[in-house]
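Protein sequences, first through last, are from chains A and B.
Oh and the first sequence: position 305 is 305 in my numbering, straight run, nothing missing.
Oh and the second sequence: position 173 is 173 in my numbering, straight run, nothing missing.
It should be emphasised that the hints constitute simulated quantities derived from the structure, not laboratory data.
Hints may be right or wrong, so weigh each one.
[Stated by the list, open to error] Straight-line C-alpha distance at most 25 Å; calculated DMTMM-like pairs for lysine to aspartate or glutamate:
{"hint": "1", "chain 1": "B", "residue 1": "Lys-142", "chain 2": "A", "residue 2": "Glu-335"}
{"hint": "2", "chain 1": "A", "residue 1": "Lys-152", "chain 2": "A", "residue 2": "Glu-162"}
{"hint": "3", "chain 1": "A", "residue 1": "Lys-152", "chain 2": "B", "residue 2": "Glu-247"}
{"hint": "4", "chain 1": "A", "residue 1": "Lys-103", "chain 2": "A", "residue 2": "Asp-261"}
{"hint": "5", "chain 1": "A", "residue 1": "Lys-103", "chain 2": "A", "residue 2": "Glu-274"}
{"hint": "6", "chain 1": "A", "residue 1": "Lys-101", "chain 2": "A", "residue 2": "Glu-265"}
{"hint": "7", "chain 1": "A", "residue 1": "Lys-101", "chain 2": "A", "residue 2": "Glu-262"}
{"hint": "8", "chain 1": "A", "residue 1": "Lys-101", "chain 2": "A", "residue 2": "Asp-270"}
{"hint": "9", "chain 1": "B", "residue 1": "Lys-106", "chain 2": "A", "residue 2": "Asp-4"}
{"hint": "10", "chain 1": "A", "residue 1": "Lys-101", "chain 2": "A", "residue 2": "Asp-261"}
{"hint": "11", "chain 1": "A", "residue 1": "Lys-152", "chain 2": "B", "residue 2": "Asp-54"}
{"hint": "12", "chain 1": "A", "residue 1": "Lys-152", "chain 2": "A", "residue 2": "Glu-225"}
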Amino acid sequence: MNRDRATAILMLMPSVILLAIFVYGFIAWTGYTSMTNSNALQQLSGLPAQFIGLKNYQDLFTGQLNGRFRVDMVNTVFFTVLFILVCLVVGMGLAILLDQKVKGESIFRTIFLFPMALSFVVTGVAWKWLFNPTSGINAIPSIIGLPPGQFKWFISQERWLEFNWQLLPEILAIIVLAVVIFVALRYWVLRRSMIAAIITGITILLGAWISFGGARSLNGLASPETHGFNLALFALVIAAGWQMSGYTMAMYLAGLRGIPDELREAGRVDGASEIGIYRYVVFPLLAPITLSAMIILGHISLKIFDLVYAMGGGDNRYIDMPGLNMYFTTFRSNEFGQGAAIAMIMLILVAIVIVPYLVTQLRSETTL
Amino acid sequence: MTTLTTRSTAAPGRYPIRRVLLYAVLILASILFLIPVYMVLVTSFKSIDQVSIDTMWQLPRSFTLDSFSRAIERLAPSFVNSLLLVFPATALSAILGSMNGYVLSKWHFRGANIIFPLMLFGMFIPYQAILIPLVQFLQGLKLSGTLWGLILVHVVYGLPITTLIFRNYYAEVPTEMLEAGGIDGAGFFGLYWYILLPISLPGFVVVVIWQFTQIWNEFLFGVTITNTGSQPITVALQNLAGSQIVEWNVQMAGAFLTALPTLLVYILLGRYFIRGLLAGSIKG
Chain A
1 MNRDRATAIL MLMPSVILLA IFVYGFIAWT GYTSMTNSNA LQQLSGLPAQ
51 FIGLKNYQDL FTGQLNGRFR VDMVNTVFFT VLFILVCLVV GMGLAILLDQ
101 KVKGESIFRT IFLFPMALSF VVTGVAWKWL FNPTSGINAI PSIIGLPPGQ
151 FKWFISQERW LEFNWQLLPE ILAIIVLAVV IFVALRYWVL RRSMIAAIIT
201 GITILLGAWI SFGGARSLNG LASPETHGFN LALFALVIAA GWQMSGYTMA
251 MYLAGLRGIP DELREAGRVD GASEIGIYRY VVFPLLAPIT LSAMIILGHI
301 SLKIFDLVYA MGGGDNRYID MPGLNMYFTT FRSNEFGQGA AIAMIMLILV
351 AIVIVPYLVT QLRSETTL
Chain B
1 MTTLTTRSTA APGRYPIRRV LLYAVLILAS ILFLIPVYMV LVTSFKSIDQ
51 VSIDTMWQLP RSFTLDSFSR AIERLAPSFV NSLLLVFPAT ALSAILGSMN
101 GYVLSKWHFR GANIIFPLML FGMFIPYQAI LIPLVQFLQG LKLSGTLWGL
151 ILVHVVYGLP ITTLIFRNYY AEVPTEMLEA GGIDGAGFFG LYWYILLPIS
201 LPGFVVVVIW QFTQIWNEFL FGVTITNTGS QPITVALQNL AGSQIVEWNV
251 QMAGAFLTAL PTLLVYILLG RYFIRGLLAG SIKG
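Based on the provided sequences and hints, a complete structural model is requested.
See the structure below:
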């Protein structure tokens, strides 16, 4: 048996070694590249790239020429929130409808899920045609004689919730302050403990730090730079939501099918209405699925590339995303150091979402 | 069992209006989901003089396959590339995944519960984070710009998901079955060959469908490590649609052709596709 065990480990080794090189080795290499000035000029000169520390990262957040990256960050935040929201709401709605003993359920399921089988490039090309400002969706009202829609979809330049990037440290600090105050209040209400006093102390210090300009001093941008929620992102959210809602539907449907009928029946016996049964029996049981879906969808939206490429073609800053910026910075402008820095920031964001998820998923598996 | 039957029979009879409403909403949602399909098909069967703003939503006045023949002309070489890419890459990653899944589910060894999550992490990373070294590495091996390079890349980065699916699949196989085989003197390969492999077909179907779809639809690797001669279909479609001079009807025909293989797989084997989909969220 021991020889067999050795054989087993030996058979696993090729995959382990390949992944060790192609995932971890390459990440380390990218991490190193992100701290060098590697670019086209340096490569042509044949000289080794110089180590410049975190300069590329600093440039991304504060460099006058790197506004594109900051647009990407803001776009990512708004896109991620809306995309997750659309997929969860549509997916759960469809799953609940399909769970009502529907005739022809498999046909409906097939229709809601088929976009998952498509390439994001196909989705992008098809929706680009639908979102064409002078035709497509905008032309629908004119079929019944109404004036055509005016919204320019993915090439819209409208922006909501505008703010100056220089104020970002302050805005974030105030949000953190609000959360801390909320926590402090909760502790005071629950019990007047040491923790409550400590948190309140932190609140006062943080408030003082903000009001004396501590947060403002963290700003590294020399001149004002306006950012906001680009309405063009709606086009991206609709196309991505169309493609991925079926996925959440499938997850929720699997979850709903796993709820024993006895539980619902028990709720009914206790006098709960249909809505009450969802509120008190079904939704709490689906909460873990919602969390999983949020994490999976969230990491997809952080990585999104092909859909934006197919729709915007790389020049449309109103729907630009870090993945696209990385590709163009690296392989079109040959700024390898800068591109590697963008890639590392993407990796860190994804890891923050995925690593805790992986750990808890696998841990709960072993205890089962 | 009784509770189940009361629910299914009582509910439809009790609220006829609610049932009608339920179907109305489902049908409306289906129509909304199918709008892009309608638009792609309608546009691709039109000749270019029929593709105008006023008639965009109307059915073609006369059906023509002209846009399809022009799209095929442009996309055929890449379509062939994608076929040459997808079969070996799918087969290799499935075979390796099956072997890994067998080892990780049936041969517990120290460190396995560290190695496995580290392998899994590879399927979640943004591939931008490995792209620069990957390109340089493939250039070093003289594989850059070739289909072989792309096959290698898809096999390697497909390993986490194929390993995961097979590990979960084999975990359901009772260990006693293997132990009985072990008494009969079968070793590591014997157990795999005579006991696991014969019951692995459903697992292979799920993995093959998943990998086929993923590899066919992939774009980032395709666009960075191939050249004009070796580009897969998604890259060719993007080039077709991204150039401002190609007419919409040809673009839509191209989109349809690109989607066709994976759509066929999905329609014929959708059940297995969903299983692969849910496996991607680890436990489903």
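These are the hints, each one checked on the structure:
1. B/Lys-142 <-> A/Glu-335: holds (23 Å)
2. A/Lys-152 <-> A/Glu-162: Satisfied, since the Cα-Cα distance of roughly 19 Å is no more than 25 Å.
3. A/Lys-152 <-> B/Glu-247: Distance ~20 Å between A/Lys-152 and B/Glu-247 Cα, so the pair holds.
4. A/Lys-103 <-> A/Asp-261: Since the Cα atoms of A/Lys-103 and A/Asp-261 sit roughly 19 Å apart, the hinted pair holds (cutoff 25 Å).
5. A/Lys-103 <-> A/Glu-274: Judged against 25 Å, a Cα distance of about 20 Å means the pair holds.
6. A/Lys-101 <-> A/Glu-265: holds (16 Å)
7. A/Lys-101 <-> A/Glu-262: With Cα atoms ~16 Å apart, A/Lys-101 and A/Glu-262 stay inside 25 Å; holds.
8. A/Lys-101 <-> A/Asp-270: Answer holds: A/Lys-101 to A/Asp-270 is near 23 Å, not above 25 Å.
9. B/Lys-106 <-> A/Asp-4: holds (11 Å)
10. A/Lys-101 <-> A/Asp-261: Status holds; Cα separation ~13 Å.
11. A/Lys-152 <-> B/Asp-54: holds (18 Å)
12. A/Lys-152 <-> A/Glu-225: holds (24 Å)
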